[in-house]
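Line order of the protein sequences matches chains A and B.
Going by the working numbering, the first residue of the first sequence is number 124, and it counts up by one from there.
Going by the working numbering, the first residue of the second sequence is number 13, and it counts up by one from there.
Don't read these hints as lab results, they were simulated from the structure.
All values reported here derive from a predicted model rather than from experimental measurement.
Be a bit skeptical, because a hint or two may be false.
[To be verified] Taking beta-carbon pairs under 8 Å as the criterion, some of the chain A residues facing chain B (in silico):
1. PRO496
2. ILE497
3. LEU499
4. PRO508
5. SER537
6. ALA539
7. PHE544
[Stated by the list, open to error] Label-pair distances were calculated between CB atoms; the ranges are:
8. A:PRO590 / B:SER57: 55 to 61 Å
9. A:LEU511 / B:ASP207: 48 to 54 Å
10. A:PRO526 / B:ARG19: 47 to 53 Å
11. B:VAL133 / A:GLU469: 17 to 23 Å
12. A:SER506 / B:ARG19: 41 to 47 Å
13. A:ARG149 / B:HIS58: 41 to 47 Å
Glycine residues also receive a C-beta, built at the ideal position from the N, C-alpha and C atoms.
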Amino acid sequence: MARVICPFCFKPHDFASSSSLKCPERDREIPGMYLRDYDKVPPLWLVTVGFSTHGKTCYLAALTLMLENISAVWPDAKVYYQPLDQYTQDAIRLMRAEAKEGKKPDKTKTEVPDRPLLFSIYNLPEVGSRCLVMYDVRGEIYDSFESVQRYVAPIKEVNTIWFLISLDDLMNDANGKTVTDLFNVYWTAMQNLRVDLKERNLVVIYTKGDKAVFSPEIKQYLLADPLKGLTLQDFESSGTDSFSFPDYLKQMQSASAQIENFTRRHVPRGAAFINMIRDRGMNLIFTVTSALGQDSGAASNKLVENALRYRVLDPFFWAITLDRPPEPQPITLLVDTSAQEPSPFENGLLSTISDRLSSYGHLTIFYLGQMSPISLPGQPIPSAPPRLARYNLIGPLLERMSPDTYAIAFTASSVADLEDFYQTSWQNHLLLVITTEDLEHSWPHQTVYHPGDDPVSWIEQLKNAQP
Amino acid sequence: MTTLKFRLDNVNFPMVWVEKIKAYIHWIPVTKIQFEYFLCAVTDSHFNSNWYDEVLSLNPRITPSSVRANNYWNALLSGIKPSEVQRYTRWCGPGYTIPTLDDWFAAYTFLKSLPTEPISVIEQLEGMRERTCQLLTHLDAATQTALTEAGYERTLADQMMMRLGLLEWVEYQRTGWGGMGEVNPRFHGMLFRPDDGKPSTPTNPEADRLKHYGFRLIWREG
C-alpha cells in the first residue's frame, strides 16, 4: 500500500513516502487499518441524501445495529464487522445506547458532520471484504451551491448514492415536495460541479415502509425478510441455515422492479423521477425498508432494541453488489519547464493545476523531455524548476504511457516531436494547453491557457474528443 | 516467411541477427527518435537542450510521415561524436557495443548478398510501436527511390541503409575511430564507398561535429 484515496478529503496521498498517517489537507489521522488493508478491503463510498424527518438517521442507526450482528447470517463464514476509528465507534455506541433506552436518534443536527463513518465488513460470501465510508449528508445541503462546495469531495466521488424517502411524509408534506425536487437539487449541484453521473448507482430507499400504502406484493416482500430478526437475541438460535446470498439478490432484483412499477404508477411525479434518472444514464434501484417494524409514534421516539427490522440490509447489499471498485482515470500532465508568463512554478500554479486534475483521476506529472516522473499520484510536486534544461520532447513519454491515459501538455514553446503523433491514437488523448497564442502548432485538441481557467475543463475536452 | 531473426533494442527498434558476427545489428542507423529516448532519460547536463539544438542545426529533425527520398537522412541521428556514441551505448544496457570495423564490414558483406525483406515483416514484430512502424515504412520507401535514382541494385544491406545512409562510426585499430557506409550525396557530397573494407578516417573525430556521421550498434548476449 503506497497510495490511498483519503476518506476525509478524497484526494490520493502517498503514505509510503510519509511517516505521518495524517491527511495533509484536513490534518486528521487516517485509521491505520484503513491504510493497511486498503488493497484487500477496498473502500465503498456511500453518500446519503434525504429530506429531513424522512427517517434517514433512524435508518442508518438500524443499519449499523444490523451490521454489528451480520456474522449471525453466515455463522460459518468468518464474517465480521469492525469500526475503524474512535469517531465511528462513538457514533455507534451512541446509537446502541439510544436503542437500549428506547430512544429514537434525534434527526440530524444542524451541524453536519464533515467526516464519514468508517467501518469494514470482512469475508462476505460472494463479495469479499469492503470498507464502508459513509457520508450522511442532509438534503438541505443541496439547496445552496456554497454548502455543496463544502462537501464537494465526497459528493463528487461517491459511486453509490442512497436517496432516502418516506412516502408517508412526502404525501403529507405541507410544502408539496415531490421526489423530483430532491433529485433536482442534487442534479443541479452536480451540474455546477461538472460531475458526470453517468453509470453511477442511485438506490432509492423508501423508509418507514410500515407506514406507506404499498402494493400487497411489496408488503409481502417486506414481511418475508429472513433477516428481520437479526438484532434479536435469539436470532442465531432460530437459524438461517437456508440463507443463500445469490437467491436473496434475485429477490431484491424482483422487488426493485415491483417498487419501480409502484413508483411509476402511484407516487406523485414518480414516473418523471424515474425518467430523469434513467435519461442521465444512472443505474436506478429501488428498495423499501422499515427500521422499526412499526410506527413508533411521534411522541414515543423509540428505536426499540428488540424491534424487527425489515429489509434494512437491502440497500447495503445493493451497494456492495453494484459498487465494484472503479478503475481511476489515469491522467498525465506534461509540463514545459521553460515556460514563463506564467511560469508553472510561480504563484502555486502547478500546485493548483495538480490539485484540480487529481480530483478527477490518478495524476502523474512529468516535465517535457524527462522520462522519470516528478510526481506520482498522491506525491507532492516540486516548487522549483529543474536545473537541467531539457529539450521539449513528448514522444518517449507518450509511448510509455497507457493508451487510455488523458495527457495534457502545458507548454509555452514548441514541442519538437509532437507532429510525429498526428496520425496516431494520441490525437484524441492528448490536449495541448499553450500559454501563448502565437505558438506554431495545429494539434487537433489545443487550448490557450488563461489565468483562472479550470483544469477540469481540459479533461472535459478530452472526454468529448473520444470517438 | 522470413529467414531472418529479429529482436528489438531497448527502445523497441529492430535489430537483425548476422550469423557472421554472431550478433544482432540495428536494422538502420540510430534515428533521432531512438536518441530522444536517451535525451529524456539521462541526467548528464552535457546532453541539454543546447546540445540537441546544435545537432539539429546540422541535420534537422523530420516527422515520420514527412520522410521522402530527398530528406530521409533527416530522420537519422548524425553530427554526433564518438565519445557521445559511447555514452549512448552504455545507456542502452549490457550487450550493446559500437561495431568494430571488422564487425561492420563482415555484416555488410553478408547482408549485401541477401535480397530485401518485405517491410511488413518488421512491422509485425511484437512490441513495435506505431510511430516506429510509420517511420520505418516511410524510410523503406524513400531509400528504395533513392537507390533507384542512384542506379543501385537493392540488397538487404541497402535496405538497411548501409549505403546511401550515413557514415557510421566504427571502432578502428583499438583506439581509433573510422566511418563506414555511404552518404547520400544530396545530404553530403563525398566520394567514399565501404566495399574495400577500409574506413573513412576523420582527422580529429572529437574536435568537430561531422554532420554526415551517425552510428548503429550491435548486441551480443552474455
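Cross-check of the supplied hints:
Against a cut-off of 8 Å between C-beta atoms, the interface hint on PRO496 (chain A) is violated, since the closest Cβ of chain B lies about 12 Å away. With its C-beta approaching chain B no nearer than about 13 Å, ILE497 (chain A) sits outside the 8 Å limit, and its interface hint is violated. Look at LEU499 (chain A): its Cβ only gets to about 17 Å from chain B, farther than 8 Å, so that hint breaks. With a least beta-carbon distance of about 13 Å to chain B, the hint placing PRO508 (chain A) at the interface is violated under the 8 Å criterion.
Hint status for SER537 (chain A) relative to chain B: violated, with the closest Cβ pair at about 11 Å, above 8 Å. Restraint check, ALA539 (chain A) versus chain B: the minimum CB separation of about 6 Å is within 8 Å; hint holds. Given hint, PHE544 (chain A) at the interface with chain B, holds; its Cβ is 7 Å from that chain's nearest Cβ, closer than 8 Å. For PRO590 (chain A) and SER57 (chain B), the Cβ-Cβ distance of about 43 Å falls outside the hinted range of 55 to 61 Å, so the restraint is violated.
For the pair LEU511 (chain A) and ASP207 (chain B), the supplied restraint of 48 to 54 Å is violated, since their beta-carbon distance comes to about 43 Å. Restraint check, PRO526 (chain A) to ARG19 (chain B): a C-beta distance of roughly 24 Å breaks the suggested window 47 to 53 Å. A hinted range of 17 to 23 Å for the beta carbons of VAL133 (chain B) and GLU469 (chain A) is inconsistent with their spacing of about 52 Å. The beta-carbon spacing between SER506 (chain A) and ARG19 (chain B), approximately 43 Å, falls within the hinted interval of 41 to 47 Å.
Evaluation of the 41 to 47 Å hint for ARG149 (chain A) and HIS58 (chain B) yields a pass: the beta carbon distance comes to about 46 Å.
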